Amino acid sequence: MDHVQATAPSHSDPGDFAAEEARIKKANPNYLGVFLVLAVLTAIEIALTTLFENTIGRVPILLALTVAKALLVVLYYMHLKFDNKIYSWFFGGAVFAFALPFVIALVFLLAPPELLPVREALGGGGGGGEAAARPTRNPNAGPPMALEMDSGDYFFKPDSFSPNSGQVVRLTLANSGSVEHNFTLPDVTKDKAAEPWKDPNLTTTVVAKALPGVSGKGTFTAPAPGEYVFYCSIPGHAELGMHGTLVVK
Amino acid sequence: MSAVGKLEHGAHRAGQALETVVDQAHSQELHAATSTGLDHRKLVMWVFIASETIFFAALMATYLVNRGKVTPEDGPEHLNLAVASFNTFILLFSSLTMVMALQAIENAKKRRMIFLLAATALWGLVFLGGQVYEYAELIANGITFDSNVWSSSFFALTGFHGTHVFVGIIWICMLIIRALRGGITENNHLAVELGGLYWHFVDLVWVVLFTIIYLI
Chain X
50 MDHVQATAPS
60 HSDPGDFAAE
70 EARIKKANPN
80 YLGVFLVLAV
90 LTAIEIALTT
100 LFENTIGRVP
110 ILLALTVAKA
120 LLVVLYYMHL
130 KFDNKIYSWF
140 FGGAVFAFAL
150 PFVIALVFLL
160 APPELLPVRE
170 ALGGGGGGGE
180 AAARPTRNPN
190 AGPPMALEMD
200 SGDYFFKPDS
210 FSPNSGQVVR
220 LTLANSGSVE
230 HNFTLPDVTK
240 DKAAEPWKDP
250 NLTTTVVAKA
260 LPGVSGKGTF
270 TAPAPGEYVF
280 YCSIPGHAEL
290 GMHGTLVVK
Chain U
16 MSAVGKLEHG
26 AHRAGQALET
36 VVDQAHSQEL
46 HAATSTGLDH
56 RKLVMWVFIA
66 SETIFFAALM
76 ATYLVNRGKV
86 TPEDGPEHLN
96 LAVASFNTFI
106 LLFSSLTMVM
116 ALQAIENAKK
126 RRMIFLLAAT
136 ALWGLVFLGG
146 QVYEYAELIA
156 NGITFDSNVW
166 SSSFFALTGF
176 HGTHVFVGII
186 WICMLIIRAL
196 RGGITENNHL
206 AVELGGLYWH
216 FVDLVWVVLF
226 TIIYLI
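Going down the list, the protein sequences come from chains X and U.
Positions in the first sequence are counted from 1; adding 49 to them yields the numbering used here.
Positions in the second sequence are counted from 1; adding 15 to them yields the numbering used here.
Treat the hints with care, since some could be wrong.
Some but not every residue of chain U turned toward chain X, in silico, with C-beta under 7 Å [unchecked claim]: (1) 72; (2) 74; (3) 92; (4) 93; (5) 222; (6) 230.
Because the hints were derived from the structure by calculation, they are not lab data.
On a predicted model such as this, the values are computed, not experimentally measured, just so you know.
For glycine and all other residues, C-beta sits at the position ideal for the given N, C-alpha and C.
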């Protein structure tokens with residue numbers, strides 16, 4: 050805004066836009082100092098995350114540091130500390146009436162089950178209640194399994210593999226065929242769905258897709274022990290023999 | 016004094032008053048009196064920022080809900096904290112150069128302002144470069160927009176933020192062009208302040224994003 054200095058003394062009525070700017074200018078915040086504090090707070094955040102990974106206690110501290118940084122930016126760089134309070138009302142209204150309720154709801158959703166038994170009681174609240182599809186936690190699952198599988202018209206090779214329950218499978222699906230293929234896994238075992246492609250009501254996961262001559266990657270966690278039928282979900286392919294068996298130990 | 020004389024005198028006084036008003040109006044340029052006593056261009060900028068806050072809160076909420084739905088191997092594990100940290104410092108520093116650009120023009124240092132604006136835009140580009148690097152790394156690991164709910168929420172959230180940075184860079188470039196053409200002066204630099212508000216807001220969003228995506 051304009052013309053602050055020369056006529057400043059006579060400009061004190063609320064209708065004068067220059068007054069607030071004059072106030073900011075007079076306050077002359079130490080912007081470099083603000084930056085240095087922001088940088089130090091960020092460094093503390095990164096150090097906390099690196100040193101105390103997976104420690105739940107660091108989360109409130111990190112959130113507090115984030116709020117402090119956000120306030121510094123808004124109050125000093127965006128001048129709300131010195132500006133007309135109406136701007137603060139608009140911004141504060143958006144934060145407290147809309148943004149913060151989201152955050153509060155999500156802190157609840159994010160709390161790990163051991164700290165928040167009610168979440169499990171509610172059927173896995175945070176995760177959306179898809180208990181069946183949830184990876185099982187098995188301490189003996191072992192390291193991730195890298196699996197390279199070839200697909201073509203119309204086969205999987207190998208057409209059987211057996212990870213441990215809870216083990217992560219990193220699948221690379223090659224495609225030596227002439228049309229697109231994929232690796233699809235239902236969430237129920239073979240005795241419930243021997244030909245899962247025929248049941249449109251099943252919940253299935255397309256783990257990886259591969260266009261002809263290209264590899265597709267995907268990851269999944271081996272479900273509860275049992276035999277599962279995996280297949281290519283592109284219509285007709287499974288019927289032509291494009292399926293195999295996943296034997297989870 | 017006769018009645019006519021009084022009238023003439025009154026008219027003369029009125030004319031003088033009008034001249035004063037016109038002079039003041041000229042000195043204030045486009046500033047019409049408003050019911051709030053605030054410049055509505057700045058007010059509408061804050062209303063816009065308020066709406067953007069809600070926009071990003073919704074995207075963040077989506078991310079936070081979905082991030083627990085995949086195993087770390089499906090995405091979160093592949094995030095690059097080093098690149099994100101670097102980007103955080105870059106964006107924080109760009110906010111400093113932005114606010115110093117405003118300070119420069121307030122003190123009638125136009126060339127300094129242009130230099131600082133250019134620096135801000137450059138930091139913005141460096142930030143985008145870091146983001147492109149991170150995206151390329153994720154894609155190389157087989158994680159794309161449609162891999163799973165986590166990746167969709169992640170790319171939507173950071174992608175919209177990156178788009179805002181990109182818009183901010185264009186905005187700053189327009190400010191520089193306007194300044195070079197003489198459209199921004201010591202007494203007329205609201206545009207720099209408004210561009211700055213937008214840029215700091217984008218920085219602010221990243222401060223929160225950084226915590227919820229990379230730290231907690």
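We went through each hint and held it up to the structure:
1. The criterion of a C-beta within 7 Å of any C-beta in chain X is met by residue 72 of chain U, whose closest approach is roughly 4 Å, and the hint holds.
2. Nearest Cβ of chain X to the Cβ of residue 74 of chain U: about 10 Å, over the 7 Å cut. The hint is violated.
3. Annotation: interface hint on residue 92 of chain U violated; nearest CB of chain X at approximately 10 Å, more than 7 Å.
4. About 10 Å separates the beta-carbon of residue 93 of chain U from the nearest beta-carbon of chain X, more than 7 Å, and the hint is not met.
5. Taking 7 Å as the C-beta cut-off, the interface hint given for residue 222 of chain U holds, the closest approach to chain X being about 5 Å.
6. Interface hint status for residue 230 of chain U: upheld, as the beta-carbon distance to the closest one in chain X is roughly 5 Å, under 7 Å.
In terms of the numbered hints stated before, the structure departs from hints 2, 3, 4, listed from lowest to highest.
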